[in-house]
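Asker: Below are the chains, spelled out letter by letter.
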Amino acid sequence: MLKYVGKRVLLFIPTLLIISVLIFFIIQLPPGDYVTSYVAAMAAEGEIFTPEQIEGLRAQFGLDDPWYVQYFNWMKGIITRGDFGYSFEYGRGVWSVIMDRLYLTLAVSFVILVFQYVVSLPIGIYCANHQYSVGDYALSFIGFIGTATPNFLLAIIIMYIIYIRTGNVYLGLFSTEMLQNGMRWEYVPEFLGRCLIPILVIGTSGTCGIIRTVRAQMLDEQARQYTLTARAKGCSEAAITYKYCLRAALNPVVSGLAGSLRTIFSGSTVSAIVMNLAIQGPVLLAALKSQDMYLAGTIVLIQAVLVLVGTLLSDIALAWLDPRIRFSERG
Amino acid sequence: MSGAKDDVILRMKDLKINIKVDEGILTVVRGVDMEIRRGETVGLVGESGCGKSLTSKAILGINDKKCKAEGQILFDAEGTGMVDLLSLKPRGKEIRAIRGKQISMIFQEPMVAFSPMYTIGNQINEATLLHITKDRKKAKEISLDVMKKVGIANAEKRYDQYPHEFSGGMLQRALIAMALVCSPKLLIADEPTTALDVTIQAQILELMKTLQKDFGMSILFITHDLGIVARMCDTVAVMYLGRIVECASAVEIYGNPMHPYTQGLLGSVHKIGTKGQKRLFSIDGTVPLALNLPKGCGFYERCSKRIDGVCNVHDPRLTDLGDGHRVACFACTGCPGKEGSVHE
Amino acid sequence: MHTYRKGVSLLLALILCLGLLPAMADEAAYTEAPFLTEQGVYGDVKDRLPLEPMVEDAAYLTVGTYGGELHRSAGGGNWDAGKPIEEGLFRFTAEGAVEPNVAKGFDVNEDATVYTIHLREGMKWSDGEPFTAEDCVWFFNVVCLNNIDGKGVRNCHKDGNGDPAVVEKVDDQTFTVTFGTPKVDFIEALTVDLKWHFAPKHIFEELAQCVIDGKNDEALALGKEICGTEFSDVGKMGKEMLYYFWNYPGIPTLNPFVLSTEPGKNSIKGEYYEYVRNPYYWKVDTAGQQLPYIDKICYLTVANVDQQLMLLLDGTVDYQTVGMESIPTILESETAINIYEWSGSTWGDPGTQLHFNLFVEDEHLRPLFNNPDFRQGMSICVDREEFAALYSDGWLQGSQAAPQPGALGYSEEWAAKWTEYDVAKAKELFEAAGLVMGGDGFYDFADGTDFVLNIVAVADSGAAETYKILEPYFRAAGIKCTFKDYDRSNIDNDMMSNAIQCTLFPVTPIGDISIVLKPNSMVPGYATNVAWYGTMNEDTAEGDLKKLIELKHQLDATADPEARTEIALQMLKLHEDNMWTLCYVEASPTYHAVNARIHNFPETGVWSDIYRDMGLAHCQCWYIAE
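For the record, the sequence lines run as chains A, B and C.
Numbering of the first sequence is given in our numbering, commencing with residue 1 and proceeding in unit increments.
Numbering of the second sequence is given in our numbering, commencing with residue 1 and proceeding in unit increments.
Numbering of the third sequence is given in our numbering, commencing with residue 1 and proceeding in unit increments.
Just so you know, these hints were derived from the structure itself, not from any lab.
The model shown is predicted, which means the values in this text are computed figures rather than measured ones.
One or more hints might be untrue.
[To be verified] List of simulated lysine to any residue pairs, SDA-like, C-alpha gap at most 20 Å:
no.: 1; chain 1: C; residue 1: K269; chain 2: A; residue 2: E177
no.: 2; chain 1: B; residue 1: K134; chain 2: A; residue 2: E177
no.: 3; chain 1: C; residue 1: K239; chain 2: A; residue 2: G56
no.: 4; chain 1: A; residue 1: K289; chain 2: C; residue 2: S461
no.: 5; chain 1: C; residue 1: K83; chain 2: A; residue 2: A41
no.: 6; chain 1: B; residue 1: K93; chain 2: A; residue 2: A238
no.: 7; chain 1: B; residue 1: K295; chain 2: B; residue 2: Y254
no.: 8; chain 1: C; residue 1: K151; chain 2: A; residue 2: V134
no.: 9; chain 1: B; residue 1: K68; chain 2: A; residue 2: G56
no.: 10; chain 1: B; residue 1: K65; chain 2: A; residue 2: E237
no.: 11; chain 1: C; residue 1: K269; chain 2: A; residue 2: A41
no.: 12; chain 1: A; residue 1: K289; chain 2: C; residue 2: E428
no.: 13; chain 1: C; residue 1: K269; chain 2: A; residue 2: I325
no.: 14; chain 1: B; residue 1: K20; chain 2: A; residue 2: N129
no.: 15; chain 1: B; residue 1: K89; chain 2: A; residue 2: N129
no.: 16; chain 1: C; residue 1: K151; chain 2: A; residue 2: T50
no.: 17; chain 1: C; residue 1: K269; chain 2: A; residue 2: G182
no.: 18; chain 1: C; residue 1: K296; chain 2: A; residue 2: M178
no.: 19; chain 1: A; residue 1: K243; chain 2: B; residue 2: N122
no.: 20; chain 1: B; residue 1: K305; chain 2: B; residue 2: Q263
no.: 21; chain 1: B; residue 1: K89; chain 2: A; residue 2: T269
no.: 22; chain 1: B; residue 1: K93; chain 2: A; residue 2: T227
no.: 23; chain 1: B; residue 1: K89; chain 2: A; residue 2: G56
no.: 24; chain 1: C; residue 1: K269; chain 2: A; residue 2: V134
no.: 25; chain 1: B; residue 1: K93; chain 2: A; residue 2: E237
no.: 26; chain 1: B; residue 1: K65; chain 2: A; residue 2: N129
no.: 27; chain 1: A; residue 1: K76; chain 2: C; residue 2: S232
no.: 28; chain 1: C; residue 1: K269; chain 2: A; residue 2: T269
no.: 29; chain 1: B; residue 1: K134; chain 2: A; residue 2: M178
no.: 30; chain 1: C; residue 1: K239; chain 2: A; residue 2: Q53
no.: 31; chain 1: A; residue 1: K243; chain 2: B; residue 2: V112
no.: 32; chain 1: A; residue 1: K289; chain 2: C; residue 2: Q570
no.: 33; chain 1: B; residue 1: K13; chain 2: B; residue 2: V28
no.: 34; chain 1: B; residue 1: K65; chain 2: A; residue 2: L313
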């Protein structure tokens, strides 16, 4: 097993290098660069730059070098100093910009992920155990709606309903008071209420897939001989469902976790913008639009790393879950 | 049914099993009466689809939800005396206390009978933990013990291995171990050797015979292999189209088959020593669907001894012809007179 | 006896005088906000105010009460937070005149070569350190001349030959600015170009010296000490800390509100930040209360512009500029919000301005665009009445690209020039310009080349909808058009490389308060993002455009105010004669949606960058009362 993991980790390096080159190349591909968007933004506020000043800015940011030189410098910084570069937009190191929102993003995404599985698994099991019952149809229906409706639309609808009812627009996770005074006990109910919207919106989008997968897998497993054996042995239905069927049914679900590590890091972007969540997604979008290259490049690179790590982790988890996979690896 | 009532541990009375399908209701088992005595091996023989598996699974109540059973299955349970198994809730505590403990079952394909996710030891031990003791150490000892008893070499090592690391024969031994760990009164064996090759078959059958003597248990042996029946069984019940058509001791069945179906079955087995290249006898026709069954004897269409106006009108019942040899056939027992009442 | 009576009279007189003393002292008493008194660290308000604080006494103001917080939503922009609280040496009134602000006043010598600026005695920075002429002089001589703030010497400090002025200190309250050639408009130019003419020397002296000496690492370390941010290089740092100084905590200012130093509330890139009242603010109201009334301006960052309106509606945010389409929604909402209408300063509504790039490189298009017949045709082929009704739901009237009523150069004829609706005449004009009707019903060039008018605009600006209304008119007149809207930065890129042909809703609309003060949009060569003259400058301009630029130079060199107005009018006349840009609807006012609990918001005003947009609303005079 260790050798396997070691081999996979070694493969990370060339994969990441190739990805980083691609990322960097594509980000700087659109015409213009950060200075262009910066000058434009300033012009919108009434500040005019002369062409000499613009050239000066370019030189200052190092943007007058060809892209492979910039890439090389960036890579050199990462490898030798752990320096991910400088964000033009924020005027400070890329890492500090990412750290700003990292904890909140991780927390929100993690909660949403847990919510997804906590809700979907029991529903999937229930639907399998009560196949074709009213409950099965009703829950699947709700799941389908959650997935079919675009997240941002759902967010807007929920916010609208809340506005009509209460006259308040619960935009963002924190109210002004919370931002001013820090978190206090009396704010917790409102905070939970505010959290509910993004959790509902983003969480429901993924639940349907998991529900249907779990349901199908469970139905498959329930038809297998070993459930009969277990029943004949005197096992309770609960033991059969959870000890035997569920473990086998989890195989595709665990595979699906591979991509969720990356999602935890950046969070959902469009929903975050609509609901004004201060998570990483909008930062990446803004960085891409203004060609703040090192920031955008670093975030995407981190996402790539997380996808690789996530895949590896889910492969390991699968091997732990299903002994048959372990066995074939040994061969 | 005649015969001594003592030592009867299982008695099926008029067991009927209906399955609801889209086309209607399938009556697969149409009134089965059976007795199993202590220490006895009863063979249940019949073609595929005659209802043997359903009958045996109905004892433990592990048939699919779509199957509805009627009638009675009386079992001499430990401590509570005769209990109607069909009256117990299929998911309830009472039947679960009986399953695996007082009545065990082993199945046809040992390769899929175990869950691939857990070690053999874990699964065998599960039965121990469920029914015998909650002490993990003690339970493991008991489980290892029974594994050795069924002839699994290197039991300690095998305990921690997974099903896919076992051969077919080894798995069947493990399955038997799991079934026997609680010393059940009755072992139901649903074609346990069909999926194994012949040499292993012989070993397993030998094992079962030995264990039966050691544990003093009864076996309900379901098979379509008449050779095995001859080796293993004390009593044989022949089932056709959801009904027992003949029931007698093994000697009687082989020596003196009365029902035309039994005669046909025995005739269609190639006997060692038969001279010449006689064509293998086969019964005319095929088993009719259990849907829209015609009135009268189910074997009517294929029977060489059928009596028009009798066999296709009235249902024959199992009648004792002496020495515990029971047949359900008008040609053997005579036409229904004043005493015989007609079944629907 | 006589001595005794005399003594008693004297004693009585003395007692009387003593009794009057407190009353006299009371007359000069100032009061401060409870917010400051409660903190108990600032001492007497009198010590914090200059000897003669400036009094905000505009007619529309009422004396307010202390307390409360102003809530705004922001997209994180610099100027959005800066312009409302900016305090320059002088400032503009709504009528366009210059009045004293930080500076008490100025003197100028006869030939306008030497300006003497007078400051207020006893004025302090927001950290309590004294503000003197030293800060002003040091700022110019060290920061500007060495270009530490990235802007260097502004145009206002350059004389007719382009040489920088000489700035010298006279005493703590006085400094002089001396030019090589007469600089008549220095004070106006200063108020437009530079606004402030100072920086806290006591904070930046050491840092600036390091920069000049080339000790970059030390300078960066100092910068980090001051405001907590680690900059990548001294150029960026100088710009951020000395030009965008209000964006960083720890830099003292003269503004009414200063960025909070509390962690979590002190970064304009964060989700939430505050500007807190300046305890040393040097203005009072007519009742002697130290301004501002409001304790804090709180900014909530939003990801999307639409969200600002939502927050306004539910009362989370107190103030927002809004488009007229939002007004019905606002008036319907339960929150009490007042709408104030200020006039705009552009020529015609920016959303309906059509700019042809007169410097376009295509050889067919360039002569066509420069031909007034073509432009006239494009102007008169649109039914302005109908268009205005469709465009603005009847709020606005049709018009032309021309100065607004009340602005310099306004004339009814100009505003109505080429505004009749005459498709037949348009077609005649197109043909006079050399276009030939093609078989497909659209005009082509005389040599057979297909003529397509490619119009571009910034995405999400509303130009797409406007184009949908305009295009049928063009089509009916035989002009084939295409429309593309795309990202702002890409459009700017194209503009800078002169790749744009024609824009609708240009990034820089034409027109501003004064062609003299801010010529950028009206005279070629003064800016880089103007669509109608592309990358044209004085070397490449021809004909009347060249003349326009020459007049601008002339203007810069002219001293006499009347003569200057004369030249400005000539420049405007050139615009009127040539009609280089077109517009279809009058300029829409700027609407301010202000929560009813905010008082002292000026009901009328002019929205212009020269007046610092919202700065004209003087938020230091706003007070909150339910």
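Asker: Which numbered hints are broken by the structure, listed smallest first?
Answerer: Failing hints, ascending: 2, 7, 8, 9, 12, 13, 21, 23, 24, 29, 32 and 34.
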